[in-house]
Amino acid sequence: MAGREHMVRNEIAVLKRVSVGHRNILTLVDYFETMNNLYLVTDLALGGELFDRICRKGSYYESDAADLIRATLSAVAYLHDHGIVHRDLKPENLLFRTPEDNADLLIADFGLSRIMDEEQFHVLTTTCGTPGYMAPEIFKKTGHGKPVDIWAIGVITYFLLCGYTPFDRDSNLEEMQAILAADYSFTPVEYWRNVSEPARDFIRRCLTIDPRARMTAHQALQHPWIRADDPVSPEKTAGEGQDLLPTVKKNFNARRTLHKAIDTVRAINKLREGGGLMAAGQMDGAMSVDPKPKNEVVDGSKVLNDQGHATGEEAQGPQGNDADAMEIDSRGNARGQTEDQIRRQQQRINETVSGLWGKKD
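Here the sequence shown is numbered in full-length UniProt numbering, starting from 1 and rising by one per residue.
Source of the hints: derived by calculation from the structure; they are not laboratory data. No experiment lies behind these values; they were computed from the predicted model shown. Every residue gets a Cβ at the ideal spot worked out from N, C-alpha and C, and that includes glycine. Be a bit skeptical, because a hint or two may be false.
[To be verified] Distance windows between CB atoms, simulated: (1) 30 x 185: 25 to 33 Å; (2) 9 x 182: 13 to 21 Å; (3) 170 x 29: 23 to 31 Å; (4) 81 x 241: 32 to 40 Å; (5) 23 x 172: 34 to 42 Å; (6) 246 x 44: 43 to 51 Å; (7) 172 x 6: 18 to 26 Å; (8) 103 x 16: 20 to 28 Å.
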């Protein structure tokens with residue numbers, strides 16, 4: 001069975017089992033199959049994705065984040081009670097039913113979820129999910145089950161309180177290494193000073209390396225930060241009076257800008273090393289040239305273009321055919337990216353990163 005078809009059929013099986021039993025789970029209305037396609041008819045979630053909704057709000061407090069996580073946990077507890085592990089919980093898969101402020105939050109996208117019996121607790125070994133939200137045991141391939149959803153909820157909670165994920169790194173490899181070691185912190189301090197200790201404790205108890213020591217969904221619902229009927233304590237209120245929206249939006253946009261800058265630097269470095277030249281024409285400032293220059297003149301047995309460079313087979317050297325696709329100077333730089341341009345661009349990126357994040361506490 002093709003991978004995509006398997007995911008859709010799996011989603012149907014899961015939703016048929018649980019979709020009408022909980023208000024925070026996307027409902028499967030119907031499904032039908034044609035010769036070439038398989039169609040799912042689900043609730044129409046008009047309220048948009050979780051983070052987009054937060055960014056449209058006029059204000060956003062820690063108590064709002066707790067309410068969102070409580071709704072998510074309630075649905076996850078229901079899934080786990082019915083022998084289902086989602087395996088791909090992330091903000092993009094949390095949708096609102098309607099645009100109204102009091103709309104239900106819905107868990108969606110069950111393509112990677114699995115139905116499993118209690119006695120089969122550690123039998124899933126497939127590496128799956130979204131890297132930044134995947135639990136250590138998924139990478140280790142030692143077997144995983146319901147606790148992976150609690151880990152993902154810990155990552156989502158961290159993200160909702162500051163605007164970036166705890167294991168965000170420059171590469172997938174570094175991200176995986178950070179996850180395996182649970183290498184995260186509540187820094188920079190200025191972004192976390194208004195977040196309460198109960199919220200941090202909730203995150204710590206979700207992001208526990210040993211899945212057996214991790215909270216279950218029902219235990220998480222009883223955590224002081226989550227319990228709706230929990231008496232208000234000084235520690236809990238310390239971070240609830242501060243509007244988190246400016247910080248969350250700033251950090252989210254900064255991280256997005258930073259990753260784009262990092263990708264740009266990598267592409268530039270690849271160009272400087274003489275690789276990936278054909279892709280250079282897609283970058284700002286990198287201009288591809290006609291592989292067959294006009295005004296060719298003959299100089300003995302060599303064919304030269306109007307700048308005196310050899311063309312055709314005579315030009316084939318270490319660069320091979322790539323030399324025809326883009327003109328390279330003596331240092332191996334693409335014509336559209338001079339050494340000075342590269343240096344200035346890297347300097348701007350460094351200044352941007354420094355300005356966005358400052359010194360790490």
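Structure-based check of each hint:
With their beta carbons about 47 Å apart, residue 30 and residue 185 fall outside the hinted range of 25 to 33 Å. For residue 9 and residue 182, the Cβ-Cβ distance of about 35 Å falls outside the hinted range of 13 to 21 Å, so the restraint is violated. Remark: the range hint 23 to 31 Å for residue 170 to residue 29 is contradicted by a beta-carbon distance near 43 Å. The supplied range of 32 to 40 Å is met by residue 81 and residue 241, whose beta-carbon atoms lie about 36 Å from each other.
Hint check: residue 23 to residue 172, Cβ distance near 36 Å, so the stated range 34 to 42 Å holds. Residue 246 and residue 44 have their C-beta atoms about 32 Å apart, which leaves the hinted 43 to 51 Å range violated. Checked against the given bound of 18 to 26 Å, the beta carbons of residue 172 and residue 6, roughly 24 Å apart, stay inside it. Here the CB-CB span from residue 103 to residue 16 is close to 24 Å, well matched to the stated 20 to 28 Å.
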